[in-house]
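Those protein sequences? They're chains F and R, same order as listed. Numbering follows our numbering, in which position 148 of the first sequence is assigned residue number 148; successive positions increment by one, without gaps. Numbering follows our numbering, in which position 298 of the second sequence is assigned residue number 298; successive positions increment by one, without gaps.
Hints listed in this document are in silico derivations from the structure and should not be mistaken for laboratory results. Careful: at least some of the hints might be erroneous.
If several chains are the same, the list does not tell them apart, and a pair holds so long as it fits within one copy or across any two.
As the list claims (entries may be wrong) - Cross-link-like lysine to any residue pairs, in silico, SDA-like; alpha carbons within 20 Å at most:
#, residue 1, residue 2
1, 345, 263
2, 415, 378
3, 158, 34
4, 158, 38
5, 361, 387
6, 158, 29
7, 427, 392
8, 277, 247
9, 158, 32
10, 158, 33
11, 277, 177
12, 278, 247
13, 158, 37
14, 278, 177
15, 382, 371
16, 278, 249
17, 11, 326
18, 278, 176
19, 427, 368
20, 158, 30
21, 361, 415
Number of protein chains: 2
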Amino acid sequence: MNAVNHSDVIKIGLLGCGTVGRSLVDLLAERESELIRTTGMRFQIVMIGVRTISRVTLPADSQIEVTTDTAALVKNDNIDIVIELIGGVEPARDLVLAALNAGKPVITANKELLAKSGSELYQTASANGVDVLFEASAAGAIPILRPLRESLLGEDIKRVMGIVNGTTNYILTQMSDEGQNYAEALSQAQQLGYAESDPTNDIEGYDAGAKAAIMASLAFGNYVVASDVTHEGISNITKEDITFADELGYVIKMLALAEKFADGEIGVRVFPALVDKKHPLASVRGSYNAVFLEGEASSELMFYGRGAGGLPTASAVLGDLVDAALNLRRGMHRPVIHGEPASIKPASQMRSSFFFVIDAKNSPGVLSAIAGYFSDQNISIKAMEQEPLAGDDTQARMVFLTEEALDENADAVIKLCEASDYVSQVKSFFRVLR
Amino acid sequence: MNAVNHSDVIKIGLLGCGTVGRSLVDLLAERESELIRTTGMRFQIVMIGVRTISRVTLPADSQIEVTTDTAALVKNDNIDIVIELIGGVEPARDLVLAALNAGKPVITANKELLAKSGSELYQTASANGVDVLFEASAAGAIPILRPLRESLLGEDIKRVMGIVNGTTNYILTQMSDEGQNYAEALSQAQQLGYAESDPTNDIEGYDAGAKAAIMASLAFGNYVVASDVTHEGISNITKEDITFADELGYVIKMLALAEKFADGEIGVRVFPALVDKKHPLASVRGSYNAVFLEGEASSELMFYGRGAGGLPTASAVLGDLVDAALNLRRGMHRPVIHGEPASIKPASQMRSSFFFVIDAKNSPGVLSAIAGYFSDQNISIKAMEQEPLAGDDTQARMVFLTEEALDENADAVIKLCEASDYVSQVKSFFRVLR
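Just need the whole structure built from these sequences, with the hints factored in.
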């Protein structure tokens with residue numbers, strides 16, 4: 001055991017004291033002796049900056065000063081490291097930049113801030129020779145950014161695929177495992193606190209998109225910002241979609257997919273996809289998250305865990321805190337990404353396999369006509385099934401699984417179907433994870 | 001992009017040039033410009049030490065010196081970092097200690113060495129102020145040791161569960177998915193190069209045990225050595241066992257399980273276990289590996305990937321190499337475990353749920369007698385099923401699933417069954433992962 005140097009105290013200024021902040025206060029208290037043993041340092045939150053002091057509930061014997069003067073906190077000479085848990089872009093951005101410019105390492109869990117202004121933060125940290133660490137921002141408790149930044153520094157990563165939004169994964173899991181429809185599953189997620197009363201940010205993929213931008217930046221070494229990410233939500237998914245997928249051996253998952261193409265362009269999109277039940281991502285259920293990497297040398301890697309929640313997120317913040325403190329004492333900081341802004345491939349130019357369920361007239365020649373829409377668009381059909389629609393044998397239900405093709409060509413097939421006299425509806429349409 | 005300083009070359013001495021070593025030579029060549037971009041350093045293997053020079057096949061234009069004088073290599077002033085890929089305890093141990101004592105950071109993928117002499121290596125590295133890094137030793141390409149050592153330094157880890165042997169996982173997956181029996185699956189694994197001609201080290205759990213010892217040491221902060229690990233192999237597993245498990249919603253997996261108990265004792269064991277099909281470890285198929293962690297704050301985490309293979313293992317070595325080189329240039333090294341040797345709990349005192357399939361006389365009173373063996377041993381039965389044995393209705397097949405109980409009590413039930421006039425055989429017995 002190391003000799004404990006009681007004078008080596010790391011003084012922390014905490015911005016924001018919601019669920020994660022409050023969990024961090026408790027976690028640091030609980031792990032104090034173990035942290036002294038493993039790091040030789042005592043971590044002490046000396047000040048908490050909030051908007052409304054009366055909302056902060058600390059243990060009765062707490063010595064922590066609570067202030068609304070956050071601008072003073074980030075420059076306070078008595079503070080070694082700043083932890084930002086406010087969320088949102090402003091005032092978090094101003095405060096983080098001020099802290100970095102005051103020479104203080106910053107730890108943040110703020111995905112919106114990083115996905116919008118990450119480059120500015122990295123550059124400011126680098127110019128001041130301090131760390132900006134943000135493990136909790138991308139996948140909650142899952143240590144994914146550190147492996148990306150360190151273990152995989154020599155790796156040529158081709159794809160990053162994540163289930164990085166617990167709300168949508170909970171809803172899709174309930175629809176899949178419990179046979180609920182979308183509205184029922186959303187309502188249950190809201191009751192359990194997994195979804196907000198206005199769930200747009202989660203359901204439409206904005207939350208996952210911000211996280212994907214952060215991961216893509218680290219994986220590929222070029223900055224990707226939130227506005228580079230294209231989104232498709234899950235609110236139109238039906239119980240029938242889940243059943244169609246299930247019968248073919250797939251589950252539907254809300255995926256964040258970041259790819260590096262041979263031409264050097266990067267594509268990042270969030271969309272519901274068919275995932276083979278045997279793929280490890282298919283086993284990620286409920287509010288859990290996972291990130292799947294495909295690298296040239298390391299082959300496939302997956303990281304799984306809690307993507308949200310006070311204590312899991314606080315544990316990721318604590319990992320960064322230890323890292324920042326050790327670096328601070330050694331007078332060093334971690335290198336950040338050296339790259340330029342990514343060159344973004346338009347979504348229409350990205351490729352996938354596709355899954356179509358098409359209801360059409362049940363008569364000779366119709367299948368041939370619809371198959372023609374695919375061949376017109378240079379899409380090869382991998383598998384096809386057709387049967388009369390239950391209860392209406394004038395209609396047939398056709399299921400098509402295609403080879404890889406351009407997104408814009410699949411869109412064109414949908415438009416051809418919609419304009420066709422044979423087709424009554426495109427009942428279901430999804431991309432398939434390869 | 002960083003200015004490239006062509007004079008900053010990291011000179012590497014490589015010990016051993018088998019599959020992993022050869023992949024590393026190629027990987028470093030292929031990633032050279034990217035590594036210069038991200039680290040500012042050029043990584044150059046200047047010397048390879050082997051037993052038989054004629055076995056080393058390098059690219060025709062290679063400038064690498066090949067030598068049999070490994071003792072001189074590890075002390076050579078022209079070498080900055082030593083990579084040990086010989087395997088086995090000696091002469092690897094002597095060479096690694098000599099390199100560390102010569103002030104050179106060492107990277108090793110040698111699980112036997114670490115699981116036997118890890119403590120000696122860590123202490124020697126620490127005394128010389130250099131790194132000994134060994135990411136590739138525990139789970140191949142999966143970056144598990146760095147998260148354990150860094151991201152989770154503030155975490156109270158309770159259990160580490162791993163599928164860390166690709167040979168046994170391949171065999172069990174083939175038995176499960178393809179209906180092969182043990183001999184067929186082993187033979188196929190041998191043909192594909194997943195199993196050695198003498199597969200004992202994998203099949204009986206020694207390989208997994210060494211990896212579990214390394215992970216337990218880092219997870220719990222106390223040294224665990226290979227001889228602390230208890231083992232049970234998979235060679236007795238039958239197709240019927242797989243079917244029994246399947247019918248109850250389980251798959252059989254070879255698990256390495258390391259636990260920290262409330263009394264501070266640590267238990268590490270390798271055994272085939274029933275894993276719920278919905279558990280993420282159940283989705284780890286074929287030659288893939290995964291490590292599942294349960295922590296107080298981070299909750300559940302899983303890391304999945306390739307556990308073996310030349311290129312994946314070389315990618316893990318490369319991650320360590322970059323880390324060691326950055327540390328070397330900063331004049332620092334990573335702290336290693338500060339703990340004492342672990343206090344080991346005897347396997348008989350560890351607890352599990354158990355699964356029994358017992359064939360017995362099909363007559364009144366027999367079930368009651370057998371249930372009595374469990375209650376005699378303080379084992380509560382959670383679920384029980386009984387039906388006449390197909391083709392022989394004088395016999396009944398009874399399936400018992402128990403609550404958690406001590407291993408020694410489950411052993412006693414087996415002995416009671418074997419001594420019983422009612423019981424013809426204990427057909428199947430497994431621990432169940434909770």
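Results of checking the hints against the structure:
no.: 1; hint: 345 with 263; verdict: within (10 Å within a copy, 56 Å between copies)
no.: 2; hint: 415 with 378; verdict: within (15 Å within a copy, 68 Å between copies)
no.: 3; hint: 158 with 34; verdict: between (39 Å within a copy, 14 Å between copies)
no.: 4; hint: 158 with 38; verdict: between (36 Å within a copy, 17 Å between copies)
no.: 5; hint: 361 with 387; verdict: within (11 Å within a copy, 51 Å between copies)
no.: 6; hint: 158 with 29; verdict: between (41 Å within a copy, 19 Å between copies)
no.: 7; hint: 427 with 392; verdict: within (15 Å within a copy, 53 Å between copies)
no.: 8; hint: 277 with 247; verdict: both (11 Å within a copy, 19 Å between copies)
no.: 9; hint: 158 with 32; verdict: between (40 Å within a copy, 18 Å between copies)
no.: 10; hint: 158 with 33; verdict: between (42 Å within a copy, 17 Å between copies)
no.: 11; hint: 277 with 177; verdict: both (13 Å within a copy, 13 Å between copies)
no.: 12; hint: 278 with 247; verdict: both (14 Å within a copy, 18 Å between copies)
no.: 13; hint: 158 with 37; verdict: between (40 Å within a copy, 18 Å between copies)
no.: 14; hint: 278 with 177; verdict: both (16 Å within a copy, 11 Å between copies)
no.: 15; hint: 382 with 371; verdict: within (11 Å within a copy, 55 Å between copies)
no.: 16; hint: 278 with 249; verdict: both (8 Å within a copy, 16 Å between copies)
no.: 17; hint: 11 with 326; verdict: within (13 Å within a copy, 27 Å between copies)
no.: 18; hint: 278 with 176; verdict: both (15 Å within a copy, 13 Å between copies)
no.: 19; hint: 427 with 368; verdict: within (19 Å within a copy, 57 Å between copies)
no.: 20; hint: 158 with 30; verdict: between (41 Å within a copy, 15 Å between copies)
no.: 21; hint: 361 with 415; verdict: within (17 Å within a copy, 68 Å between copies)
Violated hints are absent here; each numbered hint is respected by the structure.
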